[in-house]
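**Q** Let the sequences and hints guide you as you build the complete structure.
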Amino acid sequence: MTAPTLATQVVTADGLAKTWGARTVLAGLDLQVGAGVTGLLGPNGSGKTTLIGMMLGLHAPDRGSLRVLGLDPREAGPLVRARVGYAPQHDALPPEIEALDLVRHLGEVHGLPVRASRQRASDVLWLVGLGEERRRPVGTMSGGQRQRVKLAAALVHDPSLLVLDEPTNGLDPGQRDGVLALVRRLADELAVPVIMSSHLLEEVGRTCDQVIVLSEGRAVLQQGLAELAHEAEESEDRSLLVELDVDAEPLAVRLRERGLDATATARRLVVEGADPAPVVLEAVEQLGLGLRRMQVRTRSLEDVFLELAPEGRT
Amino acid sequence: MTTARIDAGGPQRYDGPRLGQAYAVRRVALHSIARAVGLRRGFGAKVLPLFTLVVALLPAVVLTGLAILLPDVIATGDLPSYPDYYGFILTALLLFSALVAPELLCTDRRSGLLGLYFAAPLDRRSYLGAKLLAALPLLSLITLVPVLVLLLGLASSGAGPAGLGDTGVLLLRMFGAAAVLSATFAAVSLAIASLTDRRAVAAVGVVLFLLASGALSAALVQADAPVSLQLLDVTTVSFETVQRIYAQPGQFPGLPTWQAALGTAAWVVGPLALLWNRYARVEVTR
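One line per chain: the protein sequences are A and B, in this order.
Take 1 as the starting number for the first sequence in the working numbering and just add one per residue.
Take 315 as the starting number for the second sequence in the working numbering and just add one per residue.
Worth double-checking, as some hints may not be accurate.
Said to hold, decoys possible - To spell it out: a stretch of chain A is covered by chain B in this simulated footprint if at least three of its residues, at any positions, have a beta carbon under 8 angstroms from a beta carbon of chain B; those stretches are:
hint: 1; region: 77-85
hint: 2; region: 90-98
hint: 3; region: 151-158
Hints are computed from structural coordinates only; laboratory data are not their basis.
Even for Gly, the Cβ is constructed at its ideal location relative to N, Cα and C.
**A** Below, the structure is given as structure tokens:
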């Protein structure tokens, strides 16, 4: 997993701003998206969907510039949309149409001739694991299957960029795992850059190569996840998680007396600082407490996210 | 136990032609037409369009039968004329408009498919163009096909127009009348359908509007209102224009033809303006 370079950038935004009525959704957003899977992470209302709408040329920014596949979506909206595969977060599939008919039709609408569209519709439905189900009306399918139909519809015209808006929205954990694995596979096998918006840290962490964290209309973090993990590994910013068999507050008091930053919650204790373990062990022994677990916590993606986008805390 | 796996290799990169927006408009129009008449859908979706078409065609078939079986009736001129035939299709046209327009617009909005269309090379204008392109031939099934069937039937029984010139003029009038009625009813019913996502509500709305329009017209006639007020009724004014296309005096001989044509044009332009206004505001993503 590598951070994108300028040469591979498929989306660049510079000072992008947008307000809806009195609400500022994007406030000078700068970002670059390259190859691989990019997670667009932010709490609900952070501007992810607005940004996607702008990428497709559906909304004009109030100011700033945006280029998608080298084009300005405001000026070349139809051209951009012909080369982008988009799967919206909302249900977008008429229930009574067979999956194959729908995907074929959307291929045609993206400019594929009838025969090519028919062939590719069948191919992509096999690719997303719906080959046997392709003749089923979409309304009879499960949520996970419908999500796969949306992926097939986004892929049918062989896009140069795939944009997935909350692709696991409304899915149960099993279906979610399946869709995320599929997204990863599509990016690896088809080598199509993918932008995947999500408000779930865990799915971005396991699916994406790069993460862009949006907060209050700005990109507050834009980094490769491998790089982020490496930095966390090397970071001095660690804490020690201690679990006792009794209430942890007396131990927290003792540790604070020794100059450590300790916070107790019931039988658990989090101690900040560089290598506090010897002091903690000594204090536990002095107080005669039963130690159940002691674990070093490194800085996680969640910690980074919550520092950068505190409004995402739920 | 060993397992075997057939790897189909997945889809190849596509490097063929990518046809433009005009092609996308045609594909959406064709897809919409197929859906509206129930093609590739269950039997239930076919019943009402088929029934309506039968209602519109039945008089033409009966009149053709009469012309063949009772040639004396033709000789005495007791059969309804071509312009008279439009009276037979009014109910079918009303029903068909109420069926077609909601299917064309409401389904896309309600299912969310509109979002996928707008994420394709289509935009609002081309999308609405595709829907109009679908509505006009669909309504022509009611406004044109029955009179063409009647012409064919009468011509085959020797009661058709005399000579190629008369036939040509008659065909021009038929196509002109069909264009007027299809455009008017398409514009009005699509505008009403743009007001709601629910097909049933839109269908009832179309029927109620057209019936109310007719009732208003009847009330105005009974109240000896000025003839120009007949322009307020979409059905009356469009059917009056059709009569003028056939060079008939129509129901209101005092109404100048240009006024009837202008009233009809207003019933096309006004609803289309409402339709555009509605779709200019549709939120796709935010």
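**Q** Hint by hint, where does the structure go against what was stated? Just the numbers, ascending.
**A** Those not satisfied: there are none.
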